[in-house]
Amino acid sequence: MSLHPQQSELQTLPRHIAVIMDGNGRWAKKRYLPRLAGHKAGVKAVQRIVERCVEKKIEVLTLFAFSSENWRRPQEEISYLMQLFITALQNEANKLHEQNIQLRVIGDCSRFDENLRQQIAAVERLTAQNTGLKLLLAANYGGQWDITQAMQCVASDIEKGVLSSADVTAELIQKNLSFSDLPEPDLFIRTSGEQRISNFILWQLAYTELYFTDILWPDFNAEELDKAFAFFAQRERRFGFTSEQLSVAPSEGKR
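Take 87 as the starting number for the sequence shown in our numbering and just add one per residue.
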């Protein structure tokens, strides 16, 4: 018998949720609106999901805002997305701070114009000491880029004689990846029916539970997020152990 999302399965919640916010363009097309209207509606969905995560005391929420591959889109759409990013940062900065939310942007920001880089830095400074939800926006980000830049850091230390090749371990690489100080994602969500990771946080998703929904991102709300929580609560996270081992030590694989 399935349980309502508000019942006992929500006693186990993910610490870190990673989301590919897909379907803005299709949402707009279904309504005979320009794609840009879909992106604007997508920002409202972000606000709803952030609020729900705060209510549920989720530790980390990572949103794939703009991938390194998204530069291939039409220039008009890219320009609009950049301006929407700036506007959202300006409009939401104080609210995020008041809610004790810490904002971080992960990715290669060097390609953004000076105005956007300044807005990012300003909001990160404003919220740096906040102790509530950690909101990560992956912008000009790609999982392959993340692993590459981590390996470049390791290679640089080898060239300097600080490390030898024998010192290179998974733990060392992990320390050089984005948000290495935070727990890895427990739950990955992708909206719009697509079932791909699309060069998101590849290394960090190694043991993440994957949840796909047909709901387009602008329609994703607290109720839909609760459905993802219910899915997560029903998963047995073994991390290489057997079910029998977990039954002896039930805390393994939990929050």
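Because the hints were derived from the structure by calculation, they are not lab data.
Check the hints yourself; a few may be wrong.
Said to hold, decoys possible - Taking CB as the label site, the calculated pair distances span:
| hint | residue 1 | residue 2 | range |
| --- | --- | --- | --- |
| 1 | Glu163 | Ala256 | 33 to 39 Å |
| 2 | Lys246 | Asp267 | 19 to 25 Å |
| 3 | Lys142 | Trp289 | 25 to 31 Å |
| 4 | Asp243 | Asn201 | 33 to 39 Å |
| 5 | Gln215 | Lys313 | 30 to 36 Å |
| 6 | Gln161 | Asn285 | 41 to 47 Å |
| 7 | Asp300 | Gln238 | 37 to 43 Å |
| 8 | Ala308 | Arg203 | 30 to 36 Å |
| 9 | Leu119 | Val248 | 26 to 32 Å |
| 10 | Lys116 | Lys246 | 53 to 59 Å |
| 11 | Thr173 | Ser284 | 23 to 29 Å |
| 12 | Ser266 | Leu119 | 36 to 42 Å |
| 13 | Cys195 | Asp243 | 19 to 25 Å |
| 14 | Glu163 | Asn285 | 50 to 56 Å |
Each residue gets a CB set at the ideal place from its N, CA and C atoms; glycine is no exception.
Hints, verified against the model:
1. About 38 Å separates the C-beta atoms of Glu163 and Ala256, a value consistent with the hinted range of 33 to 39 Å.
2. Remark: the range hint 19 to 25 Å for Lys246 to Asp267 is upheld by a beta-carbon distance near 23 Å.
3. Range check, Lys142 to Trp289: about 26 Å between beta-carbon atoms, so the 25 to 31 Å window is met.
4. A hinted range of 33 to 39 Å holds for the C-beta pair Asp243 and Asn201, which are about 34 Å apart.
5. The hint said 30 to 36 Å for the Cβ distance between Gln215 and Lys313, and at roughly 34 Å that hint holds.
6. At roughly 21 Å, the beta-carbon separation of Gln161 and Asn285 lies outside the given 41 to 47 Å, and the hint is violated.
7. Restraint check, Asp300 to Gln238: a C-beta distance of roughly 39 Å satisfies the suggested window 37 to 43 Å.
8. About 33 Å separates the C-beta atoms of Ala308 and Arg203, a value consistent with the hinted range of 30 to 36 Å.
9. A hinted range of 26 to 32 Å for the beta carbons of Leu119 and Val248 is inconsistent with their spacing of about 54 Å.
10. For Lys116 paired with Lys246, a C-beta distance near 55 Å keeps the hint of 53 to 59 Å intact.
11. For Thr173 paired with Ser284, a C-beta distance near 25 Å keeps the hint of 23 to 29 Å intact.
12. Taking 36 to 42 Å as the suggested C-beta distance range, the pair Ser266 and Leu119 conforms, at roughly 40 Å.
13. The hinted window of 19 to 25 Å between Cys195 and Asp243 holds, with their beta carbons roughly 23 Å apart.
14. A hinted range of 50 to 56 Å is violated for the C-beta pair Glu163 and Asn285, which are about 19 Å apart.
In summary, the structure is inconsistent with hints 6, 9 and 14 from the numbered list given earlier, while agreeing with the others.
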